[in-house]
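Participant: Sequence:
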Amino acid sequence: MRNVSEVFDAGEGVEVELRGWVWRKRSHGRLLFIDLRDSTGVIQVAVNAGRVGPESFEEASKASRESSVLVRGIIAHDPRAPGGVEVRCTYFKTIGQSLDDFPIRKGVTSRVLYDNRHLYLRSPRVTAVMRIRSNLIWAVHEFFRSRGFVEIDCPTLVTAAVEGGATLFEVNYFGKKVYLTQSVQFYQEAAIYSLERVYSIQPSFRAEKSRTTRHLTEFWHVEAEMAYAGFEDLLKTIEELVRYIVIRVDELSKKELRTLGRRIRTEEVEGPFPRITYAEALDILRRHGVDAEWGIDIGADEEKIISGEFEKPVFLTHFPKKLKAFYHKPDPSNREVTLSADLLAPRGNGEIVGSGVRIDDYEELRSRILEEGLRPEDYYWYLDLRKYGSVPHAGFGMGVERVLKWILDLPHVRMAAPFPRTPTRIQP
RNA sequence: GGGCCCGUAGCUCAGAGGUAGAGCGCCCGGCUGUUAACCGGAAGGUCGUGGGUUCGAAUCCCACCGGGCCCGCCA
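Letter by letter, the first sequence follows residues 1 to 428 in the numbering used here.
Among these hints, one or two may not hold up.
[As the list claims (entries may be wrong)] Dumping the calculated BS3-like pairs for lysine-lysine here, alpha-carbon to alpha-carbon at most 30 Å:
#: 1; residue 1: K93; residue 2: K25
#: 2; residue 1: K322; residue 2: K209
#: 3; residue 1: K304; residue 2: K209
#: 4; residue 1: K321; residue 2: K209
#: 5; residue 1: K177; residue 2: K322
#: 6; residue 1: K304; residue 2: K176
#: 7; residue 1: K177; residue 2: K236
#: 8; residue 1: K106; residue 2: K255
#: 9; residue 1: K324; residue 2: K304
#: 10; residue 1: K322; residue 2: K255
#: 11; residue 1: K321; residue 2: K304
#: 12; residue 1: K324; residue 2: K209
#: 13; residue 1: K254; residue 2: K106
#: 14; residue 1: K255; residue 2: K25
#: 15; residue 1: K321; residue 2: K236
#: 16; residue 1: K236; residue 2: K324
Derived by calculation from the structure, the hints in this document are not laboratory data.
This structure is a prediction, so every number in the text was calculated from the model and none was measured.
All chains, full assembly: derive it from the sequences and hints.
Facilitator: The structure is reproduced here in structure tokens:
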């Protein structure tokens, strides 16, 4: 019997030894209650001066919040205890005393919480989110592995942008200017010529000073690329991935969801996800009184209106060429729009996936690079891929923290990252 | 890059021209069934920084610094 979780499942009268940290303490003089926290949960320990030796009682009295302690005692089922179970202490020893100014307390602002993220990480609710995040990553691996995808690790230091617009973090590389990656897409495109179907789970970096509840400057990016895939294959894969991970995370995280008091709305991913084209989206916006001319960007306000029409994630497809990066393949039936799709999460949670069919023809890709005012020599190896046995292919990227924000109803993506990076926060 | 807002005790905030306040936390004392325990007491501040107006500035004005929210950009 080594952890809190096991104690809740064990029977009355069993002797137990626990190691953990003092989460809260309530003293009644000769009786004190300690809420003991370990990696699996929190349980009340009752330290009664009449039942433990004087040395143990003295240690328990002096143990401050967050002290690490060793406790031995007897399991008792008692309705007065939180959760109905407590440990009646027979022996208490402090392993590491804590200073008396532990900064994580009820009522502090998010600034204090994130300035002390290294300590805030100990809170049961944060622990639960981190376990759910781990389950989500696990589910992503399960999904891709079961479908013949190979995981590939791509470089973080790169020389050119993938996205035209997004800003890159500059790094001094032995005197040469290089950048932190925004996406591993180009490297994955190189890899499909041998592995055919690849995926990666890596950090991506965006130097935008985006101070919103859905932006981090460093975020974890699930990306995949598939040889021979067309538009339909692409949307089908994204939909099945999102459905799989939501249902699987729910299965794997029952206990953590109880700790958070959250329910994952698995009904949101049942059945096919609605698909609407950019042109149809404009119609919806006009019905809501938005002056939606062809070519306008679908911003946060527009996304909220559109996703508000549906209760499931919704694909927004066929964006105009000029709104998308140069590598997006035009729709053969209307070359002004691209075979691209963004997935908008329900309840105003915004874009969680960006995807598209890639241009596979050398000349077409080269002329698009020139049209965007970019230099083909910067993309020499990316262009090479279209010279030697090019194949149709498509891929997508999904933001891990954004998915967690959506399914757990988090107010901010920073809650989904252990040590979030934002424009104003780089420590801890 | 654009717009709005906030910096007063360790934390959360009130005070909006007249000599610095509360709650929580810490510390001390009390308490054998608490659930963010409770009760009593004590300590704790050049009011973000610099300048200006005024008999007098936490309070009004200017600049700077730090932070938050929304938008743009995106996942």
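Participant: Hint by hint, say whether it matches the structure.
Facilitator: Against the structure, the hints come out as follows:
Of the supplied pair hints, the one linking K93 and K25 holds, its CA atoms being roughly 15 Å apart against a limit of 30 Å. Proposed proximity of K322 and K209 is supported: the alpha carbons are some 23 Å apart, at most 30 Å. Under the criterion of a C-alpha separation no larger than 30 Å, the hint pairing K304 with K209 is consistent with the structure, at around 22 Å. Proposed proximity of K321 and K209 is supported: the alpha carbons are some 26 Å apart, at most 30 Å.
Of the pairs offered as hints, the one joining K177 and K322 holds, with about 28 Å between alpha carbons and a cut-off of 30 Å not exceeded. Distance check on the hinted pair: K304 and K176 sit about 42 Å apart at the alpha-carbon level, beyond 30 Å; violated. Restraint check: the Cα-Cα separation between K177 and K236 comes to about 39 Å, which exceeds 30 Å; the hinted pair is violated. The suggested pairing of K106 with K255 holds, with an alpha-carbon distance near 23 Å, which does not exceed 30 Å.
A distance of roughly 20 Å separates the Cα atoms of K324 and K304; the hinted pair therefore holds under the 30 Å criterion. Between K322 and K255 the alpha-carbon distance is near 47 Å, which puts this suggested pair outside the 30 Å criterion. About 23 Å separates the Cα atoms of K321 and K304, which keeps this hinted pair within 30 Å; it holds. Proposed proximity of K324 and K209 is supported: the alpha carbons are some 21 Å apart, at most 30 Å.
A distance of roughly 25 Å separates the Cα atoms of K254 and K106; the hinted pair therefore holds under the 30 Å criterion. Our distance criterion of 30 Å between C-alpha atoms is met by K255 and K25, whose separation comes to about 24 Å. Proposed proximity of K321 and K236 is supported: the alpha carbons are some 22 Å apart, at most 30 Å. Under the criterion of a C-alpha separation no larger than 30 Å, the hint pairing K236 with K324 is consistent with the structure, at around 21 Å.
In this structure, the hints that do not hold are numbers 6, 7, 10, in rising order.
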